[in-house]
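*Asks:* Given next are the chains, with one letter for each unit.
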Amino acid sequence: MRTAIQIQKSVVFAFFIRELKTRFGNYRLGYLWALLEPLGHVLVITVIFGALGRRTMPGIDYPLFIITGLFPFLFFRHVWTRSAEAVNSNRALLAYRYVQPLDNIWARVLLELLIFIAGFVVYLIGVAAFGIPVLPHRPLEVLCAYALLFIFAIGVGIVSGVVSAMFPEVKKCIPFITRPLYFISGVFIPLSVVPEQYRGWLLWNPILHALELAREFYFPSFQNAGATWYYLGLSAMVSLCFGLALYRLTRFKLLES
Amino acid sequence: MIELKNLTKWYKTKKGRHYVFRDVSVVFPEGKSIGILGPNGAGKSTLMRMISGTEYPNSGRLITSKKISWPVGLSGGFQGSMSGRDNIKFICRIYGLSRDEIRQKIDYVQEFAEIGDYFDMPVNTYSSGMKGKISFGLSMAFDFDYYLVDECTSVGDQTFKHKSNKLFDEKRQKANIIMVSHSPEVLIRNTDIGAVIQDGKINLLDDIKDAAKFYGKINKR
Numbered sequence: 063m064r065t066a067i068q069i070q071k072s073v074v075f076a077f078f079i080r081e082l083k084t085r086f087g088n089y090r091l092g093y094l095w096a097l098l099e100p101l102g103h104v105l106v107i108t109v110i111f112g113a114l115g116r117r118t119m120p121g122i123d124y125p126l127f128i129i130t131g132l133f134p135f136l137f138f139r140h141v142w143t144r145s146a147e148a149v150n151s152n153r154a155l156l157a158y159r160y161v162q163p164l165d166n167i168w169a170r171v172l173l174e175l176l177i178f179i180a181g182f183v184v185y186l187i188g189v190a191a192f193g194i195p196v197l198p199h200r201p202l203e204v205l206c207a208y209a210l211l212f213i214f215a216i217g218v219g220i221v222s223g224v225v226s227a228m229f230p231e232v233k234k235c236i237p238f239i240t241r242p243l244y245f246i247s248g249v250f251i252p253l254s255v256v257p258e259q260y261r262g263w264l265l266w267n268p269i270l271h272a273l274e275l276a277r278e279f280y281f282p283s284f285q286n287a288g289a290t291w292y293y294l295g296l297s298a299m300v301s302l303c304f305g306l307a308l309y310r311l312t313r314f315k316l317l318e319s
Numbered sequence: 006m007i008e009l010k011n012l013t014k015w016y017k018t019k020k021g022r023h024y025v026f027r028d029v030s031v032v033f034p035e036g037k038s039i040g041i042l043g044p045n046g047a048g049k050s051t052l053m054r055m056i057s058g059t060e061y062p063n064s065g066r067l068i069t070s071k072k073i074s075w076p077v078g079l080s081g082g083f084q085g086s087m088s089g090r091d092n093i094k095f096i097c098r099i100y101g102l103s104r105d106e107i108r109q110k111i112d113y114v115q116e117f118a119e120i121g122d123y124f125d126m127p128v129n130t131y132s133s134g135m136k137g138k139i140s141f142g143l144s145m146a147f148d149f150d151y152y153l154v155d156e157c158t159s160v161g162d163q164t165f166k167h168k169s170n171k172l173f174d175e176k177r178q179k180a181n182i183i184m185v186s187h188s189p190e191v192l193i194r195n196t197d198i199g200a201v202i203q204d205g206k207i208n209l210l211d212d213i214k215d216a217a218k219f220y221g222k223i224n225k226r
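Chains as they are written, first to last, in the numbering used here: chain A, 63 to 319; chain B, 6 to 226.
Hints listed in this document are in silico derivations from the structure and should not be mistaken for laboratory results. Where hints are given, some of them may not hold.
To be verified - 30 Å max Cα-Cα, derived DSS-like pairs, lysine-lysine:
#1 Lys214(B) / Lys315(A)
#2 Lys71(B) / Lys233(A)
#3 Lys17(B) / Lys234(A)
#4 Lys72(B) / Lys71(A)
#5 Lys179(B) / Lys168(B)
#6 Lys225(B) / Lys20(B)
#7 Lys19(B) / Lys315(A)
#8 Lys168(B) / Lys71(A)
#9 Lys233(A) / Lys19(B)
#10 Lys206(B) / Lys71(B)
#11 Lys315(A) / Lys20(B)
#12 Lys168(B) / Lys72(B)
#13 Lys234(A) / Lys72(B)
#14 Lys225(B) / Lys176(B)
Remember, predicted model here, so these are calculated numbers, not experimental data.
For reference, chain B alone in the conformation it holds in the complex (with noise of 0.2 Å):
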């Protein structure tokens, strides 16, 4: 569960303050992934970076008990200079890993990204492919309660898409995803409930194709 209590943001701009959120209350229920829409500028990455913790509310509070992952595929910030085997050491330890598990989800990644003799050299050198499975399969080494994927998932070609998607099927029979997209379809096929932001309000739907009808229409008007 994921509750958002009286939840106020807001940013600093030059004309003052720009309120994302309004004193929103909502409870995210047990068990079910989780489709956020909203037009450009609603609120909805804001929303993405308060749940996976970096960002925190002004007022008000986000409490949650389950173990939340950081966004998939990001690879920001991975050190240029240093190899890909350094880089998801270096997340591992930050998740305070044992050298065990570390050797074990790095074994993992290699497994799945299969660069081959990239995977130990300068993360400088990579494409924008490889940087991507490393990331890719970086998030998925970990088991986290709720994935968060803002837009797109796949990366890569056409049959690094079909592994990743599969992979990604199965960690969703123990796990839940939350999910930015401006695609309805996508989030009809991999979502279960609906937040749709309008206004600095969150309206919760149980049904992720309600939540797009709603969506559709207050995108038109």
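This is chain A alone, in the form it adopts within the complex (with noise of 0.2 Å):
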């Protein structure tokens, strides 16, 4: 007899390896995509908005500053989206017992993970090779905010996962938030330029205090402009407790095909 934490990390790797298989296995080079997309954002951000970057973040080099918001940030709207068809396109799936409705939603979360580090490894390399220095300033700090980040996206991805399997309608809304969000986020510029009167209403974003949390102490001159640990915290505390709670409530309607 197998435990059932020996079925779930088999389940959950059968999964992982189908998803890099589909993901990737299609295109020639399919794994030297998923660092070419990020590549299209660099350029042209730094295009745009460099110059501004340059003057108020003198001692912070430009593309390093995207670059610790940027793989974040994709690793989230990866998660979010590629969760809203996880449990609904593999509910045939689901006559095998051992597979459960989230099994899919872990072994994205996982790739996507994969994809931000190996990405983020990749750039930082990249950026080095110009001799500029790329190790953050204060690792354990930063590697706090990207977790919280993490653990504010499993939540939402659940969410995600668990809503769009319900109502499919909402899986086409998706964009028309996540668009907007990736220009609220703080990817390309730091909270510090944003009005002071302003600030607040964008502060209700969680991932903006992750970036800004993790590039305070990724760079020694970066200033925060009030993120705190606290909302952030509090949002991937809020969010993973929704997401199991909303499951463990629908798993059974999950489940009827």
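Using the hints, put the two chains back together into the complex; each one sits in its own frame.
*Replies:* Shown next, in the form of structure tokens:
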């Protein structure tokens, strides 16, 4: 007999390999695409906002600044959008008794995490090749900010997976939220350039908190303009608990075919 | 042995709860193949899904220590853009098989299904017959105590039908089947005891022939 944790592990592993194949297997140089997508972002943003960035943040390399925000942001967005299909598109597999509705979400989160880490490291090496120091000033705090964003993303992923499985229309609305989110999460500008009276509004967004905090501890000269550990931590906890509770309440419904 | 203990199952509908089973307690004895009979909508498929472990009762329990298959011939779970081989690997991984065991199962299915080069092409390109062969072969590649069969077991052309029947008979030397069918003849040929579902209850009869007669009577009314 296998224990529950062994079963879960093998199912998530099976989904993981499957995701890897369906996501990258169909294209030539499939894995390279995961690295090229962010490159487009970095180049475009640097061209448009590079001057502003260098003026407002002397002593911080602007491409490096983007990287520290872009990768975690893309991770979050991918978890959100890909989880939306994760539950529904694999309904048929629930006929295999070991498969549970959330297993595919875990696999996708894991895959996105690996893409995030691999992409981040490759880009850091790329920037370092220009002779720019790339290592974080205080790595533990940076890691902590990213970890909290990770937890926040898991909660959002579960909610989006469960809700889209029950109301497929919802999936169509997701792009309307994720697109603007790109501009208000501080991916390419620090919060400090935003006029003070608007900061309060932007600070409702937990992702902005994660990016500001990560950068505060990544770059010694970066000025955090109001992000707090308290808000980010609370958002992560609420998100995760809400997601798991929602799943707990709906899991029988999700299993019905 | 499979035991249903005070099992209740209902679905939510617009008019409130629709009860499929109400406080059912039944013990399916060891070593017998079971034929499930009942009018349309009586809960045959629901019972099968609960036995296969993909749906749960609302109250009460379903207790067993036996290895129970997924519905034999299930092909809905195949990912269209992946090859038959990769799909089989995926199912094997779910069941936690080692690399060697996976290779063994793949060889078995490949030999059984006889679909040639299609085995390494995307499942999208398969005919429904080919899909059926792969999924039937895959079910047979695993050793279960109970095989669940819904409606018809045979797929594909005549020679394949013959081959699959033979294989299935071999399997039944060691294992049992739980079968749903509208045809009493099919059940009498394949199973030993009968479970007739009627008005949210399960009537267990020790002989499938008696069960078929009983079902004939309630169906006529």
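*Asks:* Go through the numbered hints given earlier and state which of them the structure violates, listing their numbers in rising order.
*Replies:* Hints 1, 2, 8, 13, 14 not satisfied by this model.
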